[in-house]
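Visitor: Spelled out, the chains give:
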Amino acid sequence: MKLSTLVLRSMRKNIKHYYLYFFALIFSAALYFSFVTLQHNAAVVKLSYSSLKAEMGFKVGSVLLLVIVFFFVFYANQLFLKRRSKEIGLYQMIGIPKPTISYMLTIENLILWVGASAIGMLIGFFFSRFFALLFLKAINTKREIELEFSTEALFQTMLVFGLLFIVVLLQMMWMVHRTTLLDLFKATSKADQKMKKMNFFQIILGIIGIGLISYGYYLSTVLFAIDKTISANDLYRKMGLILGSVIIGTFLVFRYSIAFIMNMIRMSKRGHLSLNDVLAITPIMHRMKSNTLSLSIITLMTAMALTILSLSYITYYSTDSQTEQNMPYDLAILNHNGEKTFEESLKSNNIHFQKYQFELLNVQIDTNTLLEKPLSKEAQINITLDNIVMKESDAKKVFPKLHLGQDEAVLTGYSDVLKNLMPLKIGKSMTLYHDKAKQKLKLIDIEKKASISAEISYGSPAIIIQDELFNQLKKDPSIQKSTLWKTYTGYNIPKENQLKEAITLYKKATNDGTFKIGKKDGVTSLLQVSPKKEMYQQSLENMGLLIFITGFLGSAFLLATGSILYFKQMTEAEEEIESYRTLRKIGFSPDEMMRGIYRKQLFSFGLPLLLGLCHSYFAVKSGWNFFGTELVVPLLTTMGIYILLYSIFAILTSSYYRKIIKGIL
Amino acid sequence: MSILKASKIKKIYGKKLFTQEVLKGIDLEVEAGEFVGIMGPSGSGKTTLLNVLCSIDRPTEGIVEINGQSLQKMKSKQLSAFRRTEMGFIFQDYNLLDTLTVKENILLPLSVGKTSKQEAESRCQQLATQLGIQELLKKYPNEISGGQKQRTAAARALIIHPSIVFADEPTGALDSKSASALLENLSTLNKANHVTIMMVTHDPVAASYCSRVLFLKDGQIFTQVYKGDKTRTQFFQEIMNTQGVLGGDGYEA
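Here the protein sequences come in this chain order: A and B.
Position 159, counted from 1, in the first sequence is what the numbering used here calls 159; the numbers after and before it change by one each time, with no gaps.
Position 63, counted from 1, in the second sequence is what the numbering used here calls 63; the numbers after and before it change by one each time, with no gaps.
Keep in mind that the hints were calculated from the coordinates and are not lab data.
It is possible that part of the hints are untrue.
Under 7 Å between C-beta atoms, here's a sample of chain A residues computed to sit facing chain B [stated by the list, open to error]:
no.	residue
1	V278
2	H286
3	G587
4	G663
Here are the simulated DMTMM-like pairs of lysine to aspartate or glutamate, each with C-alpha atoms no more than 25 Å apart in a straight line [to be verified]:
no.	chain 1	residue 1	chain 2	residue 2
5	B	K139	A	E572
6	B	K138	A	E575
7	A	K340	A	E501
8	A	K449	A	D416
9	A	K662	B	E61
10	A	K621	A	D416
11	B	K77	A	E408
We put the CB at the ideal spot given by N, CA and C, even for glycine.
Take the sequences, apply the hints, and build the full model.
Guide: Structure, rendered in structure tokens:
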């Protein structure tokens, strides 16, 4: 018999084992190819306002995707080799030298890889259309794109999978080379060590594991506390500490804490186990050592995917309110530039509008004293005293309930980011400097809603004061000198269908929304004010790109972790077949046994998910307000969808178990 | 009183043209307290017969009754429950669960059901003492010898106080010393606890511990011999002689 015949026959006979590996490869190739196809499609990239960002996004995305694919293929190959170890051992036993075995496996793998990549790319090509549609939907455009077969994508995928193939070959050869005959026969049972009695050291490690995770969680809640975090370096150090303690903690929890808890349960039964214990607890304990690493990695991958997905969805979901915060009116005009022309043209076109006008002053006010906790000295340097001030009568239009007493003030446009970063306390006082004199102002209220564009106030809140004080300050020459924009006029167009026309008129009247100011020292300031609608569309496109790429990566993570768990459970089921047969023989029905199996699945899938959810919850919680204004809805939606998709794998696995248990007698 | 009654058992494998009749109409009755051996050359249908009798396999034709209840009338779920409450099993390759300790393995059949913990505990202790494995209760199967594993399996079979114990080549994987120790144990339990045992074996020595031995040939009962008042050595001789008549050496691979 020729070697090639042997290869083909063994492949035919092993089709069941290959099936798993083959699927993993096809899936990876399809995912990668469709992503790269989109990446190389000029039309897709140009769709977005900021094409440079889109290109970068896709590039970063493809690199991350590559990492996931690599991990996934590497792991699948390892499982695959382990399953076939007996066969490889048999070849060695009948005297086939190791290099020949490696050669055989290489041919097998080559056939597999070429086949899988071809099928994968074909599937990926069709899927890329679907993904392109999703992409368009995400960035909210009605435009269409032509998708052609991209040779660039083809070459990139081929190159990547060629390199992956070499890595897998090395992995395989190393495995064949390293192992002795005896090892190969034992491979499946190698890591399966029996449960030894827990010693004191292990209990301590188990407790340390839980402690480390709790410590990481605690740190994450105070990560952005301004009184503790001093500098960017400090922030990175803390982030590293959080990551480190959570990762090590997760590992220790899986390795020791879980084993410890299960051991306690088992001990307490003194040998009188229920069938559920027999099918769930004991096999898990039996495999805990060999499963620790993969369960930890799956947990961390889940956490990572969920965090990325939640944050990008928060951003996407908050586009609306974020835009509102940045630009409170449909249109805005500064320093009366073109105001008359615009209003007249509106009137002549019968467009109804609402007008909100504010007189503004740049005043030196020390707001540090408003903070709940004092700033660290390093942070104080970054705080400017320059603040935008407006008068009560102007602000009343936007905030009708406003009422100020003497020496009182209200903050507006106090966004959630600020709220989290610099919590202020109502009732405290700030110091106003004018005419070389000082004056105390008492903070009586804080409004989240903004009254003027964020571009004018540099993102910090505007301060409302009494008209008398305002008029007094207006006469101060130094304040006059430092004031850049004297008025801000916001326009709202109540009728949606007239907005488009109004925008055209606005652009005509204001030179596309560009406002210039010439200072006495010859420096001119330029400010571009975009209509709210355009701002919204632009950020929607940016966020759409973000959510598309992260969503893609997130699904890749999900599919990879789910498949790995599925493969693992398949392998475990096959290893347990003899036990299941015994149980069936001595008289346990499949239904009774499945109850235990469900528990085992609940553990294998549920625990990594639960820990992953916790990890990501704390990660998202600590920094979410840099990304958006809404937490609960996007977070719950993301987690809900993730759990739903994830549980499909658990259901698939359980039905695989049921099939095995029913079929063994 | 007969515990097991089988009539006209037929088992045909394969479909249409390629059929093979493994059991060709076997009638059999086992009385309470009997220790029945089934012998015969390889391929004579010993294990098939045992599987059919113990409901792991279904006969093509014929009826099996245990304790007066017909197995053919039961659904698979009822059969499972029936096996768990009425039958004990000992297999050639022990079939212990590696993940469980000896004690947990013994108590396994009681893990679903209403036996109280004290009752289970006392049964376990008693059987462990009778079988000489009380020192091993906390060990795992991979820490004990083959003979000890098989005694654990025997304890697991007996813990439910079954109507009948089915043993398929229980000594097949044991050395002769462990084998005779196990058979002594089984024989003692058979007499002391009135356990009914049905054992498939190809080993005349093992068969000589039985009270009756059936000889199977080509799917039919060829003959049977009773121990009666004979000593074990005499009975062994008789078994050897019958095997000689049966033709073939009975040890063919």
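Visitor: Tell me the hint numbers this structure goes against, listed in increasing order.
Guide: 4, 11
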